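When you get a sec, could you build the whole thing from the sequences and use the hints?
Residue 313 in the working numbering sits at position 333 of the sequence shown, and the numbers go up by one each step.
Calculated directly from the structure, the hints in this document are not laboratory data. A hint or two may mislead.
[To be verified] Dumping the calculated SDA-like pairs for lysine to any residue here, alpha-carbon to alpha-carbon at most 20 Å:
hint	residue 1	residue 2
1	Lys171	Lys118
2	Lys403	Glu351
3	Lys118	Asp68
Keep in mind the model is a prediction, meaning the values are calculated, not measured.
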Amino acid sequence: MRLSQYFMPILKETPKEAEIVSHRLMLRAGMVRQQSAGIYSWLPLGLRVLRKIENIVREEQNRAGAVELLMPTIQSADLWRESGRYDDYGKEMLRIKDRHGRDMLFGPTNEEMITEIFRASIRSYKDLPLNLYHIQWKFRDEVRPRFGVMRCREFLMKDAYSFDLDEQGARASYNRMFVSYLRTFDRLGVKAIPMRADTGPIGGDMSHEFHILADTGESEVFCHSDYPDMVVPGADIDFRDDAALEKIVTQWTTPYAAAEEMHDEKEWARVAEADRISARGIEAGHIFYFGTKYSTAMGAKVMNPDGRETPVHMGSYGIGPSRLVAAIIEASHDENGIIWPKSVAPYDVGIINMKPGDTDCDAACEKIYAELQYTGGMDDIAVLYDDRDQRAGAKFAGMDLIGLPVQVVVGPRSIKNGEVEIKDRRTGQRQNLTVEAALNKLREDH
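Have a look at this one:
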């Protein structure tokens, strides 16, 4: 994409309403624009990151055996009355009426709807286990939306729901999602630590929040120092092997890890002082087992092997892709701007033409731009080419701000020697190479 033809409204000044780093940088980089309190338009650069995160989440859900569907944003209040939550949910629910006067709502979550879909279609234990998920926009009318897309009213959520015959099966489904989440966050380029979460009136130990460590995190978290170095399961993990998955979950839940609301000072005191990490964290995912709460209330039953009807055991598993955009920035930035992990960067390479109109600069940039986007059978390399007639300093600042992993700088002096400069955004390392050598390196690194 040529920047002269793109829409990326970079702001020179930091907006006053932006309280945290990710909000400031997302506004300045032209990723989002606020339309009203807690509601944002996703502009082209931000949308590319959001879609990359969404695709990684989808791929790992599919790998774990979950099946994608798509449920509507508008739900009938009748379903929520069945579960008993319509009157209990609170003012966060946006309640509306259609033209016929029927009570409707903008879905804040989908337990009721997915339970209705299940009960209308599944009758036998032979159809279990089943995990259905979707990626859809939700709305919660936060009393005080703040921190940009970190805590807003309209947000994109991946929510999955598992259905099993009994608690043993539900635990296996829970473990499957637990391991899937480890892989998902690892592919997103962040270290997310699973921490014990409150299970509410259901009790038990099957609830975890996944926190990304960041200095500007909203929660205080406590964990063992082993966590940052723990190895995430590879792509070859067999999600049908319940014993192997349980072993992984045990490994990842044995060391101490808890957010402030679940922190136990007595247990924490048993952790050697040298092994303690006290930090800030951003909740990026939550997995939860809730037994037969919804299936009993809404009649979601299956015939068990003994020929009797029994309510299914359910769990829910959420990740917020829109929230993750901000969380990744909070965990990966410097004073100059965003530093995207390669897997979610809006573009892989940024080309800076320091002197548009110069024959040699233009020719080199056009060659690199054209050849990087056709890799001869590999995945294309996404390139953002700054071909605008602007000051070089503004171009450098803009490219650092948007955080692309690699920059290719083409200037009149270096190109006369047949060379261009390659800059690694994360490390700041620079290397002068011939055009052909630069192309080869970029292809290899991709």
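Hints versus structure:
1. Of the pairs offered as hints, the one joining Lys171 and Lys118 is violated, with about 26 Å between alpha carbons and a cut-off of 20 Å exceeded.
2. Taken as a hint, the Lys403 and Glu351 pair is honoured in the structure, with Cα atoms around 19 Å apart against an allowance of 20 Å.
3. Using a Cα cut-off of 20 Å, the hinted pair Lys118 and Asp68 holds, with the two alpha carbons roughly 18 Å apart.
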